[in-house]
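Visitor: Take a look at the letters that make up each chain.
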Amino acid sequence: MNYPLLHLTTGYIRKHLLQNILLILGIAFGVALIVSVDIANQSASRSFVLSKEILSSKSTHHILGSYSDFDERIYQNLRLKFGVRNLVPIVEDYVNVPVLGGRTVKLLGTDFFADLIFYDNRQSPLSSISEHALTELIAMPGTALISAQLAQSAGIDAGDVVEVNYGSKTLNIKIIGLLNSKSDELSKSLGGLILTDISTAQELLDKVGFLSQIDLLIDGENPQDIEKLNLIRDYLPSGVEIKEKSLLLGSAKSLTRSFELNLLALSLLALFVGVFLIYNIVSFSVIQRRSIIGTLRSIGATRKQIFKMIISEALAIGIVGSLIGVLGGVFLGRGLVGLVTRSINDLYFTLTVTNFTVSPESIIKGFLAGIFAVGIAALVPAYEASRFRPINVLRRSTLEGLFAKSLKLLGFIGFLFIALGYVLIIVSTKSLVLSLISVFLILLGASLLVPICTALLMRLFSLVLSPLGLIGRISPRNIIRSTSRTAVAVASLTVAISVILSVSIMIGSFRSTVVNWLDSALTADIFISMDSANISSQAGVPNEIIEQVTSYPQVERVATVRRILYDSPEYGLFNLVAVTEDLAVENREFIWSESQNNIIWDKMQSNSILISESFAYKNAIEPGDGTVVTLQTDHGAKDFEVAGIYYDYGSQAGVLLISDELYRTLWDDDKITSLGLYISNTKNIETTTELLRSGLSNYSNLMIRSNDNLKRSAIKTFDRTFTVTSALRLLIAIVAFISVLSSLMALQLEREKEFGILRAVGMTVGQLRKMLFLENGLIGLASGLFSIPVGLALSFILVYVINLRSFGWTLNFTVEPQYFIEAVGIALAASIAAGLYPAYLVGKEDVGKLIREE
Amino acid sequence: MSKQNPHNHTNIKLKSLCKHYLEAQSNVSIVNNLNAEFKQGEIVALIGKSGSGKTTLLNLISGIDRPDSGEVWIGETLINSLSEEELTLIRRNRVGIVFQFFNLIPTLNVIENVTLPRELNGSNRVVARGKAQGLLQRVGLGERLNSYPDILSGGEQQRVAIARALINDPDVILADEPTGNLDDETANEILELLIAVARESDKTMIIATHSSEIINYADKVYTIHNGNLNSG
Amino acid sequence: MCIRLILFILLPIFTMAIVSCNENKNSQETGNVVQSLSGNDTTGFARADAPRNFVFPDDFGPHPQFQTEWWYYTGNLSDEDGREFGYQLTFFRRALSPDKIERESKWATSQIYFAHFALTDVKEGEFYSSERWSRGAAGLAGAQTKPFQVWIDSWSIKVDDKSFRLRAQDGPVSIDLLLNPLKAEVLQGDKGLSQKSKDPGNASYYFSQTRIESSGSIFMHGEEFEVSGLSWLDREWSTSALGEDQEGWDWFSIQLDDGQEIMLYQLRLNGGGIDPFSSGSLVGVKGDVTPLKAEDFKIEVLDTWKSPETNTVYPSKWQISIPKHDIKLIVTPLLNNQELLLSFIYWEGAVKVSGSGFSGKGYVELTGYKPQN
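Protein chains in written order, with the numbering used here: chain A, 1 to 854; chain B, 1 to 232; chain C, 1 to 373.
Some hints could be false.
[What the hints assert, rightly or not] One side of the interface only, derived from the structure: several residues of chain C facing chain A at Cβ under 10 Å:
1. A50
2. S110
3. D153
[What the hints assert, rightly or not] Interface residues of chain B toward chain A, partial, derived using beta-carbon atoms under 10 Å:
4. S26
5. N59
6. S62
7. G63
8. F99
[Stated by the list, open to error] Not close to chain B: a few residues of chain A, all C-beta gaps over 12 Å, as computed:
9. A133
10. R233
11. R303
12. L457
13. N607
14. Y663
15. A839
Just so you know, the hints here were simulated from the structure itself, not pulled from any lab data.
Just so we're clear, the structure is a prediction, and the values are computed from it rather than from any experiment.
Beta carbons: idealized from backbone N, C-alpha and C, even for Gly.
Produce the complete structure using the sequences and hints provided.
Guide: As structure tokens, then:
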């Protein structure tokens, strides 16, 4: 850009500082959201890897039991009989540390001599440990190492004994040394770890004779290694598998993928709203300067120069906004990481490490997204500006006339987009990405329909409001007469409000579905489980509790539940749940079942199982007789007949429900995850709960909860997992608010002269303000009204398409009036707030000055 | 606010009027101890160079601007002590203004522009439209009621402005360089129209202009010099 | 043989964790760690502070009340075509604590085992070395008395009827040998008590089998060689701290063709000189043992070899004289490069012996040589 144009630009920006600050803010918020969600997603992934891959990051394969620990002799045989050397045995589980505020960490025991295989080329975390401490670690029971960082946060010193909760036991662990690592990554992953010798871990975690995992290093290009791998595969007994590490991480990651994708989509929505804001303000700035641009053109500025001037101006602002956005995103990301990690902990698996990684990619991605959005949004106005001919630039009505003519075309294109989006949803039967794209198409289409709808609605308002007098009549007319600008404001507000509305409806539907489901699924009166804040722990309720509990006269009968996270080659990760009786026998709601509820349970005694909707969806199991699920049991492969597919919202991974009797004969597992007690007199639930609590007080960490109590805490967890979504919804609202604020404010500020004339010909300040607020209110109302159908359509997609494709479950669509009130309320509030400053100015500036402006 | 005494009654009185503007760190006196009286039905021409203070004086009379000292009387009302709200009502009801740049509201069509001050009063829309239609007929735009200002020629726009100035049947018409933005022929037409409508309705009209054409029509001609009015 | 080797070998296991192992291991660094551990806690362990009664075959088995222990086999073999091979198979035991704590887990242990395996292919000029380490638990590694056995993974020494069976394999190289001692056990030092410095208790119990008839197979890259020859066993156990002034040692085991064997070791002092506790023994044809004191023998270096891998300069030819017994020998490595590039780097290799009226084979161990720049 040559100097005079640059000068004009900077002068313009200075003069319309507020407008440009709002533009920068809008871009910044949009970018900040993208960056923070990306940071949160990436950090969660890193946390996952760091939590999983604590020591043996050089390993390539893992040997794992499909649901729990396996016989340690497998390791011995592999080394002694098969001569496999690069093997590291691991015994691990999750424990809670009271001095860390009950934080969940992993207690991991390994054979340090075997582990050395993996340390040829890297700094070992043991480097900071004295030989004396290492000797003690191996030779003395109950000893452990923790990271210096963890020790510091817990106020622990080497030599201290720390209490750790595992299952119903409280373990006393002597910390004999503190781990330090020069490697940043390693020290992060050590932050969630209690490291012990393998023997110590077996003893502390009641896993004597068992291993949790074997890490292997296999060179995929070495034929001998491949041969060895095949040997291992053949040797491993049923229920124990060797898996490539990358695939393993992948399969666990795929669980959270939908979750992260949804977050990403929400952040893109925010930027989408941001694009409207940018378009709005840039096109506005062009209109504001149409006489300057006309003059420039008439004195010889080329179209290209004008185009470049507008684009570069927008990009300059875009760069500033994006830079601020990136910084804000890092800041915001910090908060978001916590929320996302907690959601993953609640929903998927325990992360012992909360990582906060700001990768250059996240920064660059966000920054480029900001610049790209600005570029796209500024393209049309810059082109328009370059088309200005010196003669007609002053003619406002020409511009509006053109826009008015294109309303129908825009509406038609919008309709096409919506149709395309709809078709895409129908055509893409399972793809989450495509359904998210169609959400965007529908939103874009809706926003293109907004101008014509606005014009129609305002005509209606004009009729309806005309009895209210002049102001009532001309306010809608004013909006119609400046549709080229008001429509964009209405569209962006509509998009934002419909997103907010649809997310509200989605969360609300989800919540009411879960509440209903809890009511039907939790039928026992009192539940006993372990107090562990994590879903990955394998610790169960001590078996002898059953007898103790049965001895209470109030207890009519006891049902047991065994819930394990099962990893099978055929069905991936899912929950295998074994129950002694179907706790939801009468109320269980089926999508499909082969017979009556009461017969199903009988069938489950022999060979039948039930699967949850998400299990069926994930594995594309269609309802119908004769469907069979094959699992590797501890006694070989076995086929199970699917007796029904039921609604379940407890596990995204899917649930396979089996009768306890069948489970115990096929799997060598005697553990119990929780108990459900039926009380003879249900009036006494709370008192019996208290009685049990005191009676079983010798078991620490035992959680005895009444039905109500459990439901409440389940709903609390539910609400917590949606904090992220709610937070993002709020941020979108903020972007929308800024967008509307800036565009409407700019719109009103541009009318200074008009206001001056109105004042000169006798309009009072009060009347002027009334008009101003009425106009803004109408814009807000229009957006609110438009957002209702758009929001409803979106929420249908979210509830019936996105949720099904993301998580594999069907929700009951629930709509409450408050959502609409809220949506229209936000729209009105934003647009009325936008009137405040212009209304203030109107009263302040003197009329003479206003008229003189030109 | 109806007029009680229609004939030869002093309509506008200016007493010791002073107005300064701060310009480049020095006070420039635009209106300096100015005294004047204008009677009903009088057509007064203010002549002077650009920047001599014609517009300022008109703005002071219309209440768009406030004097530093002195008094402005419209009829029995001392307007410079009024609140902004009251001033607006005076402007709306007792003063009609015609600007050099027409100053029509671009988002309103011709008839809406004209009815605007009337409707701001809460007047019945049908009545207002009837009156506006009559006025527009009078100024020669009876056929263009629904056009928007920016497709009208300058002369046409000024005709609309004149109609607007008359809609509330004001005591005073203030015209600030009403022909300043028009070609000579059109300027004459507009000037004649203004004089004609003022005479017809017996209004006091003050026209600020730099054109000497006006001398032929005005009852009184003043020049502004050093912030004061000189006859002739 | 030398008490320090065990410490030097043990420490790298831990120091692997301490020092990144792809850095060239230099003994200076290791030496510092050793020094920091010279006050190593030996309380609670039994000490070799007085002569004892050796009982065979029980004393082949482990002595866990002592801190360190090893089974050290070396040998010179050849196939029917006279193709020469040398081998070394050594097992080390190290106790982390003298107490045996009763624990549930089979992995619980206070015993650690290490092993070194080396093979010299004289014809091709190739030298292979590898190592193993493991906790002495969960069946992965261990030692037992009845029947005698010591093993790590698939590497093992087992009593097989009257014979001993040695098996080890790493990558393309493996051995499977059957060993039959031709002479009775030789008690080294003072009736098996081998003093290593002037401090009482800084000594080990030490016996050898100096002439063991050996036969079996060597596998190299899929090729099998039927071999036979002579092996040598050193069994030593102790609880011992180091003399700070000792820099390294040179150890010689020589099997003369006339039926005699010679064992010599010389402890080199920091800054040159030989520790007066250096010693040796001469074993007669019928197994009669004559102890040799430091002043009884003299070892002169005739040539040196610089390792291309570590830049360490090792002696590579010696003249050994034992004037009292009128013995003067020239000792030459069968291959210069018999440097074990393991966690602890040292030179141990097959040698041939010649001299006035003497010929034979043997093994030499060189430790404590530092890399040169």
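Visitor: Which of the numbered hints above does this structure break?
Guide: The structure conflicts with hints 1, 4, although it agrees with all the remaining ones.
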